[in-house]
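As a plain string of letters, each chain reads:
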Amino acid sequence: MSAKAMSLANGRARKRNRLAIVFVAPAVLFLAIFVMYPVFYNIYLSFTDANLLKKNTSFVWLKNYKRLFSDPMFWKYAYNTLIWTVFSVIGQLALGLAIALVINRKMRGGTLLRSFLLIPYVIPAVTLALVTKWVLNGDYGIVSLLLQKAGVIAHRQSLLALPKGAMAALIIVNIWRSYPFPMLIYWAALKSIDPELYEAGKMDGAGTMRLFWHITLPLLKNTTIVLLVLRIIWTATYFDLIRMVTGGGPAGSTMHLPIMIYQASFGTFQTGYASAISVVLGALLFFCIVFYVKKTGLDD
Amino acid sequence: MKKLIALVLALTMILTLGAVGYADDNENKLVIWTNLTADSQTAVLQKQFDEVAKEMGVEIEMVTVAFDDMYTKLAAAMESGDTPDIMHTTEGGSAYLYTQGLISPMDDVIDAIGRDDFVESYLRSITVDDVAWGVPDWALHTSVWYRKDLFAEKGLEIPTNWQELEAAAEALNTDSDGDGNIDVYGFAVPMAAVQLAAQSYYEFLFTSGVYTFDPATGEYNFGNEKEKAAHVLDYMIDLYKKASPPSSTEWSWSENRNALVEGSVAMVLDMGAVIGLAQTNNPDMVENLGCFDLPGENGDKQASFGGGYYFVASSQASEEKIALAKEFITKLYTPEKAAERALSRPMFAYPSLYSAFELYKNDPAVAQFPDEIDSIFDAFEHNTWYRYGMEAGLSQMASQIEATTFFGEAIQGVALGMQTSEQAVDYIDSQLQVQLDVIGQ
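The listed protein sequences correspond, in order, to chains A and B.
The numbering of the first sequence is our numbering, which starts it at 1 and goes up by one.
The numbering of the second sequence is our numbering, which starts it at 1001 and goes up by one.
Any given hint could turn out to be false.
As the list claims (entries may be wrong) - Here are the simulated PhoX-like pairs of lysine-lysine, each with C-alpha atoms no more than 25 Å apart in a straight line:
(1) B:Lys1228 to A:Lys133
(2) B:Lys1241 to A:Lys164
(3) B:Lys1073 to A:Lys55
(4) A:Lys149 to B:Lys1242
(5) A:Lys164 to A:Lys76
(6) B:Lys1073 to A:Lys149
(7) B:Lys1154 to A:Lys54
As the list claims (entries may be wrong) - So the derived list for chain A, only partly shown, Cβ under 7 Å to chain B, looks like this:
(8) Asn10
(9) Phe23
(10) Ala27
(11) Pro120
(12) Gly138
(13) Asp139
(14) His155
(15) Gln157
(16) Ser158
(17) Gly165
(18) Ala168
(19) Pro250
(20) Gln263
(21) Gly267
(22) Thr268
Because the hints were derived from the structure by calculation, they are not lab data.
All C-beta atoms, glycine included, are put in the ideal place defined by N, C-alpha and C.
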């Protein structure tokens, strides 16, 4: 290749690289400004006594973390977060899978049914919270009245006024609201399973349950892992419903870490302390992300 | 062409960012924030602001900021240097702005309106070291709102101490249909974690003379009164167990007021908003409602829970603009305007000016409650009232209590049998001390 051709080729390559940088730059800039900067700034704040009431901030090293881990309320709220997350996610996945199995069959009005089943996912959280409070009102809520008549709760009592009842009610509402996502993903995964596998299983004499346990479930393993990790992250950080329905009550029984962070930030204006709590919550969720990345092969 | 498109997009982005950060520096425009969100109240405010703006030849922008969002938005506005020129807010909002050094002294405005026309207790609540940091608009007073018809039916007198109150509450528990369940409870004790639990508890605490800060010295006092505070909490929870609906542990204001208006509770602690609610939702109930002051344990009431709204002016603008804001506020204080603002929430809001009060009590919206109005206004004039944390004047502590749930958690814990009153009070004391540290008081 002549020197002139080489120079021309190099010039084109440089131009391509420059163009590539131009195309990538907005995304990188976006990530840097809206993801990296907040994350690192939050970590920095967690080592300070930053407070919205004070103009000056000083470095306090691990003081916020020491205070957090020695606060019995943190452990109580962390436990609440665990209960909220575990039961919500299990419920969402189980219900999502069950309904996906139903809608995977050929049936009349299937499209309409699938659309109908997606409704919970598009209901705004504030509407859901208001309706939840309404139906669970101890005086006139339909669900409360039914439970009162059945003797499950006392006359003019509400699940929302009972520690275990409030958490259970919130988890059920959250499952109802969130199952459509796993349902859709499972449904897509079910569609990709080769029908011949079921045919072969049937020829070997397997019944419906055996087919489900030995073919369907193993083939949904990766989908389940992805869903599990995503739903854990989304549920553990889901704030609106609890905040609007119980505000963390009664007696802190539904208070979870995101509400604790909100209280520390905008209740007592201790942004440094709030940052420490969010770093701890973030670290826990980070392990989930690592697990997700490894399991899905995204690291390759 | 590609370069051109990229350039246009980049330019658009830069212009958008610029627009976001653009601050309105119009010296003839006043930005006014109010925490009032009820249509009836914002309509009156907007009308009056427009009238005064027209009179002064200025431009105004009224922004309604819901109370729940106030601290978040104020903090954000403070960070960006976009605090409003005038704010219409509670003691909590005023205290926040005061501690940040964002508001101007308002004694000159109060003098211009006529200091003697203001009810003294309204001024006290916004004063620090003899300087008033806001102009009182109206105030509210906590009373026991009750069913006069049920009291008459049961032959009950107005209670004069706690023992009588509890006895009356129990006597009012009624099983209307004979199914063994109480259909009308005697006295609601609302305990929602946000605001309600703390406000209910403080009404009882103030009645017994237990304060967060010593009103005379300003020193933190709750920790010295823990035994008394636990005793008060024991009484309140006892009242809940004997005469309040079980689910009232999670009641907020709406459930509390509705219960009285709909007839499922015979007495509630309230600031008079039950009247407006009854006028709208159950007009037949209005004539059955009356109020009395929550008595002291032995009839010797020390103080009650109250609060109010104030106009505060920014100190961050130019001198001319601060003067403009102050002139604007001054013009809002004709007796007619002050009465009209209070009447936008009848029986709930009571005007700060004596001259407005005369117009207020003769208005048809409240004229059927002359005794109740006189009793409440008498309490404003002659009795002591505080907002929590404001016992020694303007303090950030009010907003710390208001925006957190530690009172609610502790009190609900006792109501649900999860802890004793002593443990709850210890926890409240520890959390109050954390807040003291945070606010540097």
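Query raised in the report: Against which earlier hints does the structure fall short, listed by number upward?
Result: Result: hints 1, 6, 7, 8, 9, 10, 11, 17, 18 break, sorted rising.
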